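*Asks:* Going down the list, the sequences are from chains A and B. Okay, so the first sequence: first residue is 1 according to our numbering, each after it adds one. Okay, so the second sequence: first residue is 1 according to our numbering, each after it adds one.
What the hints contain is simulated information worked out from the structure, not anything from laboratory work. Don't take every hint at face value.
Computed beta-carbon distance windows for the label pairs [said to hold, decoys possible]:
#, chain 1, residue 1, chain 2, residue 2, range
1, A, N301, B, N91, 31 to 41 Å
2, B, P50, A, K358, 26 to 36 Å
3, B, P50, A, D170, 34 to 44 Å
Small disclaimer: the values here were computed from a predicted structure and weren't measured. Glycine is no exception: its CB is placed at the ideal position from the N, C-alpha and C atoms.
The lines below spell out each chain.
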Amino acid sequence: MTDCLQYGPTAGYPPLVKKLKSLTERLHAPPRWADTDLIVTAGSQDGLCKALEMMIEPGDFVVTQEPCYTGTLSILNPFEPRYVAVKCDHEGMNPKALKEALSQWKPEEIRDVKTGVPKVLYINPNACNPTGVSVGEKRRREIYDIASEYNLIILEDDPYYFVQFGNLKDFPPSFLSMDTEGRVLRFDSFSKVLSSGLRLGYVTGPKPLVERIVLHKQVSILHASSMSQVLISELFEMWGEDGFLKHTEAVQEFYLKQREAMLEAAEKHLTGLCEWAVPTGGMFLWLKVPGVSETWEMILNRALKKDVILVPGRAFMCDPTTPCSYMRAAFSIVTPEKMEKGLKNLSDLIREELELQKA
Amino acid sequence: MVLGVENKIKLDVNDTALSLPRIRLVSAPLLRGRMDYSRFLSTNAKTRKPSWITQLRSYLANPSSDILWLAGGHPDASLFPFKETTITLKNGQEIHLNQDLMATSLQYGPIEGHTPLLKYLADLTQKLHSPPRWSETRQLVTVGGQDGMAKAFVMLTDPGDYVVVPEPCYAGIFSELTSLNPHYLPVEEDEEGMRSDLLRSALARWKSEIGETHSEKRLKFMYTNPSGSNPSGTNMSEKRRREIYALACEYDFLILEDDAYYFLQFQDDFPPSFLSLDTEGRVLRFDSFSKTVSAGLRVGYVTGPEFLVEKISQHIMATVMGGSSLSQVLVTELFHMWGLEGFLRHVKEVRDMYRRRRDAALSAAEKHLTGLCEWRKPGGGMFLWLKVPKVKDTQAMLLERGTKKSILLVPGNGFTTRPELPCQYMRASYSTVLPEEMDKAFQILAEVIRDEIQLNNEVK
Numbered sequence: 001m002t003d004c005l006q007y008g009p010t011a012g013y014p015p016l017v018k019k020l021k022s023l024t025e026r027l028h029a030p031p032r033w034a035d036t037d038l039i040v041t042a043g044s045q046d047g048l049c050k051a052l053e054m055m056i057e058p059g060d061f062v063v064t065q066e067p068c069y070t071g072t073l074s075i076l077n078p079f080e081p082r083y084v085a086v087k088c089d090h091e092g093m094n095p096k097a098l099k100e101a102l103s104q105w106k107p108e109e110i111r112d113v114k115t116g117v118p119k120v121l122y123i124n125p126n127a128c129n130p131t132g133v134s135v136g137e138k139r140r141r142e143i144y145d146i147a148s149e150y151n152l153i154i155l156e157d158d159p160y161y162f163v164q165f166g167n168l169k170d171f172p173p174s175f176l177s178m179d180t181e182g183r184v185l186r187f188d189s190f191s192k193v194l195s196s197g198l199r200l201g202y203v204t205g206p207k208p209l210v211e212r213i214v215l216h217k218q219v220s221i222l223h224a225s226s227m228s229q230v231l232i233s234e235l236f237e238m239w240g241e242d243g244f245l246k247h248t249e250a251v252q253e254f255y256l257k258q259r260e261a262m263l264e265a266a267e268k269h270l271t272g273l274c275e276w277a278v279p280t281g282g283m284f285l286w287l288k289v290p291g292v293s294e295t296w297e298m299i300l301n302r303a304l305k306k307d308v309i310l311v312p313g314r315a316f317m318c319d320p321t322t323p324c325s326y327m328r329a330a331f332s333i334v335t336p337e338k339m340e341k342g343l344k345n346l347s348d349l350i351r352e353e354l355e356l357q358k359a
Numbered sequence: 001m002v003l004g005v006e007n008k009i010k011l012d013v014n015d016t017a018l019s020l021p022r023i024r025l026v027s028a029p030l031l032r033g034r035m036d037y038s039r040f041l042s043t044n045a046k047t048r049k050p051s052w053i054t055q056l057r058s059y060l061a062n063p064s065s066d067i068l069w070l071a072g073g074h075p076d077a078s079l080f081p082f083k084e085t086t087i088t089l090k091n092g093q094e095i096h097l098n099q100d101l102m103a104t105s106l107q108y109g110p111i112e113g114h115t116p117l118l119k120y121l122a123d124l125t126q127k128l129h130s131p132p133r134w135s136e137t138r139q140l141v142t143v144g145g146q147d148g149m150a151k152a153f154v155m156l157t158d159p160g161d162y163v164v165v166p167e168p169c170y171a172g173i174f175s176e177l178t179s180l181n182p183h184y185l186p187v188e189e190d191e192e193g194m195r196s197d198l199l200r201s202a203l204a205r206w207k208s209e210i211g212e213t214h215s216e217k218r219l220k221f222m223y224t225n226p227s228g229s230n231p232s233g234t235n236m237s238e239k240r241r242r243e244i245y246a247l248a249c250e251y252d253f254l255i256l257e258d259d260a261y262y263f264l265q266f267q268d269d270f271p272p273s274f275l276s277l278d279t280e281g282r283v284l285r286f287d288s289f290s291k292t293v294s295a296g297l298r299v300g301y302v303t304g305p306e307f308l309v310e311k312i313s314q315h316i317m318a319t320v321m322g323g324s325s326l327s328q329v330l331v332t333e334l335f336h337m338w339g340l341e342g343f344l345r346h347v348k349e350v351r352d353m354y355r356r357r358r359d360a361a362l363s364a365a366e367k368h369l370t371g372l373c374e375w376r377k378p379g380g381g382m383f384l385w386l387k388v389p390k391v392k393d394t395q396a397m398l399l400e401r402g403t404k405k406s407i408l409l410v411p412g413n414g415f416t417t418r419p420e421l422p423c424q425y426m427r428a429s430y431s432t433v434l435p436e437e438m439d440k441a442f443q444i445l446a447e448v449i450r451d452e453i454q455l456n457n458e459v460k
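In isolation and in its complexed conformation, chain B is listed as follows (with noise of 0.2 Å):
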């Protein structure tokens, strides 16, 4: 496949850039036939059948303006105590609700979202990512990023199927992913992300051991989280994620692209994301408003191909029924009176916030931590992945001594596929931390390691 990257974007924002890469896509025919998703499926999603009010619909093509419609569960609105409200922005701009967008909010929406926020997001990742398949790509509003996940990994799973993840791997779908049973293939990551040659060997292992003679034991999927991964704060070069995407194609498996922290990426020039690189319908993709605009609403979305989108949407119709219409609404009436621009300007400002916590976390980790830990630059997101040389195993260090000097830290056992086993490693966050409180903290981190690397030495 051929794709030219070329001629970045400059979006010239408040004397700063945020470069977009404009994707070349050389010429249509070069796009490879349709993809066989059914093989992707589980049981769990291979029987899962559309609902009755699906079916119902499709009957109701060209509805006439008369039709008497007494087939609906939904409830009367009028009797909704809520009436119209008006929220402050913090620069000052009102978003005001009026009854008829309050009683929007207040009702049953669409399953797939609330249709102008959907535009919304139409547009903003045709923006960004220009996806090279866009007329069979569908986006479902989620509830939070992760619901739409965890709902792939449902549809995706079956006990004993084959799943790539990255060493370290955001500790949060291992909850999901581990109840359903997959074994797992992790590989390691440097400064550049996931290592693209320990990929190539392990998915040729696999193939070699498994691949060959047990054709049920698919090789499903691989997770990643490309941007400011959390917990190891990497993002892959642009290298590393199109030799992984030309693996995915090789050995035939789809890429579950998790970019909550898109946004929150320091360089000015954005890897293309594996969406933009998307041209054989591989990527189900994971965004989320949950570090620019608000965690607590629950608002995420997925973007991917038709056919897996809407298993998910089914999914969601039997759960939870499409996310809070109030929390959709407000995202939508911010974006109506932003733009893409005044949005784009935000996560910026959200973005350059984050790089200042991060650079006074490592001032306060050099001048404490040199000799104990040692850490890569985040390149994004919120956190700072340490490793104690002098230390085998974190947890106890963390959990039982840490915290009686009132500092806790995340022991990075969590983040592997082998929980079971001790680790190095710890994660600190440094989104909600002021630049004093995080010199202080790893003031008494520092204490904490000696401490514990004297108690090793006594226990020796």
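Only chain A is shown next, with the shape it has when bound in the complex (with noise of 0.2 Å):
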């Protein structure tokens, strides 16, 4: 208890971090282990937000995925940076995609300066916010090899690793587990899995970049809450690895169901008016309404009266002046009948809406 009321170390209670280092050993086995270190955060975005605070200056240049978590936005938007915006699909981010909005720089032009140019890729490779999509192993690699080309830093957010559908097994695997160059920052949650109330994540790199982080730490939060650091650690020493893999299964199993009723649902109600892709993870449904340019009027103006309410799909948009098509569900929280009604209101609303704008 003593622990849990005192100051701690800036990068983490000691126990703790052992305990993750372990678990990162096991599930990602990073090349250069021994050039890598690991800081507990008040959870996965505080790290992030560290780390881009870390590179970015006012006006520089940021690649990201697109559509783009909300929060990153958020983070990144006081910069006023200038995106790079790649656009993704049903897989995720597209390697083509992606090579294609760098293609105005040569590599070799731009691999070695300090300023002015693209230093940073962020993406959230599995059961993306909002698209609920994976990037798949092959596509992982091309990526890689393309921030390989022209040196940029990584920053793999991950909060849904653990809510991935399927075998740990057969999770394709971490930008870390291939960062043989040691580009690569990754960003891990327990809020999905444990407690996001208890507000507790974790940041594995390369040392000099961590170090920055714990710098920064030291003159702001200090460090993440103690008495969570305790209870998490504990957890571990009672659960073991595989004691807490198991319970993430038992998490995904959960979001599962939830998946099946939503799809259910969507089948019901929105074939014919949406297109959406099945989600691999997570809790979101990104969907698109193809007869609606804009989905951002529909939804804050009219939505209510339906009693239903999603968000706009230009809430992720890095240019937030672009018209946007989609809108994101999220099925963590909602029960299978009030989906039902959900997804009912939502088609009236759809339908409503294109008769408005046949009008």
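Both chains are given apart, each in its own frame, so use the hints to dock them into the complex.
*Replies:* The structure is reproduced here in structure tokens:
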């Protein structure tokens, strides 16, 4: 209890850091493990924020997937970055699209340049928020090679790693696990599997970069809540790594059931109105409404009357003025009955919208 | 502005009184008009926008109970493995987190903080400070007081901006603030705290040299740690606080009041906080539970003008997304159990303990360091700020030679705006050291200092 209540090391409660290092080695076998460090953060988003603040100057280029998690955009927007947005499809970030987005630069010309060129690539490779899809192994290797060519740091934001559907051994390899050059900063989170409120995540990456993040933590939050860290550490102590992984399987099962119910409701009510890819993990369904060029108005002004709320796709665009036909529905905490009702209302909303457009 | 401090309220608690000044507001019309806060914002803050979910929420002013919320990305809490817990307090009482409370503790909470906790903080703040502009004041829970300050620094500071800091100053703020590239205006203090005459002349000089001609180089804020300050242990007198507040109004800058040691002031009559004097809405106040309840739980709070606190909240949304819910629930349950009165009783005990430790440190200093060091009696906090007149720079003495004798104090140069310059000061902490250990420590310190003087003489 004393450990819970007292100041602790900035990098994290040592017994927890030890356990997380062991887990990371087991799951990812990072090729440069000896030059890699791991620290605990107050949620993975804080780690991501500190990493971006460490590397971005106002007006810098940032390579990111599009659609992109709104939290990341919130972190970046105050820097007024120039987004190099890479379109994603039903298999996530497309390496061809990445190469094309970077084509305005010749790799050999920018590799060693310090400013005014892209240096960072942000990617949310598993059960991406908001698209719900994952990037396959082949694409990952291609993306890593392109990052290597252009000398980019890859920010691997992976909060849904443990809620991918399927067997752990079939998960595509993480960017960390293929990082032979020391260019990957990986962000893990316990928010989806153990607790979101405890505010606990961790960053793994090259020592010089992780060290900078530690310095920033020292002058801001100091460290993640000691009590939160002790609790998770004790849980690992009790369950062991195998017990923890077994627990994550139970979590996956739950979200899988929710996904099935959601897809059922979608097929019943939204066929012909929407298109979607099957989520490979996580908690989001990314719906396209081909007949509606911009879902923002429809949702913010008219959805309320139909008692349903989703997130309009424009919120996930790097350029907030870009019209977007998509919307994001979450299936994490809604019961199957509510999903059924919600999507029925949504189908009414869309039909009315299409009518409205004709008028 | 006319504020009368009269009829101090005595809170009789266990025979010894904790006095709180009652601020009498003369009349509302004397409060000045609205501040233009946008002038103080950094480019970073100006470009920061509220998140989409805030916009979404604004459309839901009156949601029907039937609304089907498919928007939020909250994970399902039924899968979180922790069920319930009972925490035993040192006085034997028990706090029980049942399943509902535990579920709340494990889930994302409101960005601004756990609602019941904010209510207690509002009551406590009103009781202790009666902020003059309370209806335009807002509070947020932060991950420790320091994260609130870090966010305020980013919100307010553009490269080249001018910032007033005390000399010496808490080293922790330099680490964040210096990376934002401000110009520092350090102002020395005496036993009453920051010298208002020196502050006035520094401001006048700034104005004539910079302010008049370079309007883009803004004088943004003053950082102050007015109670039991780190490192000097000084309590700023009421007189100085009023003089300094008046200067803030005259020269139009904000005041960042870092009051982590507020409850550790050793006198019974607390001077009014800057927040309690804030008729114009210039004060951002940072409170902390780290010294009184727990440092590790990381719970602090910021109080200030709605406009500025909202900006900080936007930054929090993009970063830590709120403090640990469990930590906040624990502190709330403590307030439930103890009430504000019980909490104030507890902090009194904490204060008394630190005062005893201070007294032991002073005894040991008088015994061993007389003739070698100079110091002022700390009015609060946990530090003794020692000057070594016969030693030019304490760094090497402490870090190389002191450590060999198993003693470590903090060299003073880290507490100045020019850490590269030699510094004759050092900071001793008496927070965790027992009286016997303090005695031994200063005995060894005296040896280290004598050796150092000897060494300097030999080199000459």
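*Asks:* Between P50 (chain B) and K358 (chain A), is the Cβ distance one that fits in 26 to 36 Å?
*Replies:* Holds, at about 35 Å.
*Asks:* Within 34 to 44 Å: is that where the Cβ-Cβ distance between P50 (chain B) and D170 (chain A) falls?
*Replies:* holds, 40 Å
*Asks:* Falls inside 31 to 41 Å, the C-beta gap from N301 (chain A) to N91 (chain B)?
*Replies:* With a Cβ separation near 56 Å, N301 (chain A) and N91 (chain B) fall outside 31 to 41 Å, so the hint is violated.
Consistency note: the structure conflicts with earlier hint 1 alone.
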